[in-house]
Amino acid sequence: MAELTTLARPYAKAAFEAAVEAGSLGDWSESLATVAAVVSEPAVRSALTSPSLTGEKQAQLVTELCGDEIIGQVKNFIAILAENKRIPLMPEIVTLFETLKANQEMKVDVNVISAFPLSDALQEKLAASLKAKLQREVVLHSETDKSLIGGAVIRAGDLVIDGSVRGKLAKLSESMKG
Amino acid sequence: MIAGAQAEIEQEVNRAKEQLRKQVAGIAIAGAEKILEASIDEATHAELAEKLAASL
Numbered sequence: 001m002a003e004l005t006t007l008a009r010p011y012a013k014a015a016f017e018a019a020v021e022a023g024s025l026g027d028w029s030e031s032l033a034t035v036a037a038v039v040s041e042p043a044v045r046s047a048l049t050s051p052s053l054t055g056e057k058q059a060q061l062v063t064e065l066c067g068d069e070i071i072g073q074v075k076n077f078i079a080i081l082a083e084n085k086r087i088p089l090m091p092e093i094v095t096l097f098e099t100l101k102a103n104q105e106m107k108v109d110v111n112v113i114s115a116f117p118l119s120d121a122l123q124e125k126l127a128a129s130l131k132a133k134l135q136r137e138v139v140l141h142s143e144t145d146k147s148l149i150g151g152a153v154i155r156a157g158d159l160v161i162d163g164s165v166r167g168k169l170a171k172l173s174e175s176m177k178g
Numbered sequence: 001m002i003a004g005a006q007a008e009i010e011q012e013v014n015r016a017k018e019q020l021r022k023q024v025a026g027i028a029i030a031g032a033e034k035i036l037e038a039s040i041d042e043a044t045h046a047e048l049a050e051k052l053a054a055s056l
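Protein chains in written order, with the working numbering: chain U, 1 to 178; chain P, 1 to 56.
Source of the hints: derived by calculation from the structure; they are not laboratory data.
Where a beta carbon is used, it is the ideal one built from N, C-alpha and C, also for glycine.
A hint or two may mislead.
[Said to hold, decoys possible] Derived DSS-like pairs (lysine-lysine); straight-line CA-CA distance at most 30 Å:
1. U/Lys146 with U/Lys171
2. U/Lys171 with P/Lys22
3. U/Lys177 with P/Lys17
4. P/Lys17 with U/Lys133
5. P/Lys22 with U/Lys131
6. P/Lys51 with U/Lys177
7. P/Lys22 with U/Lys125
8. U/Lys146 with P/Lys34
9. U/Lys107 with U/Lys85
10. U/Lys85 with P/Lys51
11. P/Lys51 with P/Lys34
12. U/Lys171 with U/Lys125
13. U/Lys146 with P/Lys22
[Said to hold, decoys possible] One side of the interface only, derived from the structure: several residues of chain U facing chain P at Cβ under 8 Å:
14. Ile113
15. Ser114
16. Ser119
17. Leu130
18. Ala152
19. Ala156
20. Lys177
Taking the hints into account, I'd like the entire structure generated from these sequences.
Spelled out as structure tokens, the structure:
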């Protein structure tokens with residue numbers, strides 16, 4: 001079993017990277033699940049292990065059985081798998097793909113806009129505190145905006161933490177003007 | 001008649017006061033902004049960012 005996982009890993013990784021690049025993780029995930037289900041059917045499984053079937057024919061068989069349920073990229077993926085006689089690995093590939101997807105979704109992109117460039121040490125500190133606060137892996141992107149005067153604004157999804165001097169002044173002004 | 005006029009005057013005075021207060025606040029903020037802009041350098045900024053990181 002461990003060996004199957006090892007064999008499946010590079011394929012799962014490649015599929016995952018292609019899916020991220022295309023921005024269609026969800027579609028990939030659904031398509032791969034369909035393919036895995038098709039391949040797991042005993043009749044299909046025995047047909048696929050028959051030595052008389054060429055890689056090309058295997059790919060054709062699986063793609064036809066899946067019909068319109070799968071996206072074009074996944075069809076290409078099947079063709080590559082078939083070429084290398086790795087279609088039976090499909091269930092393992094799906095498992096690994098889903099793990100990668102879950103890890104990716106645990107990550108959150110954080111934008112830090114600061115008045116002056118942040119030192120690496122400070123960026124690390126911010127990332128560490130954000131990680132603790134959000135309970136997720138953090139990918140930090142930093143920008144500078146002189147008009148903030150000092151401090152920084154942190155944006156993580158719909159969470160905005162305004163620690164800038166400009167923000168504090170705006171708050172002060174609001175309370176003074178009532 | 002007199003009471004009505006007095007009330008109107010009072011209202012006018014209050015409105016003027018309110019306007020003046022807002023203007024003073026605006027000037028104070030603008031002044032604070034200028035001073036802060038001039039006085040905040042990279043070191044102060046780093047301190048602020050550090051505080052922000054600690055307060056999360």
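Which earlier hints can't be squared with this structure? Hints 4, 5, 7, 9, 10, 14 and 19 contradicted; others consistent.
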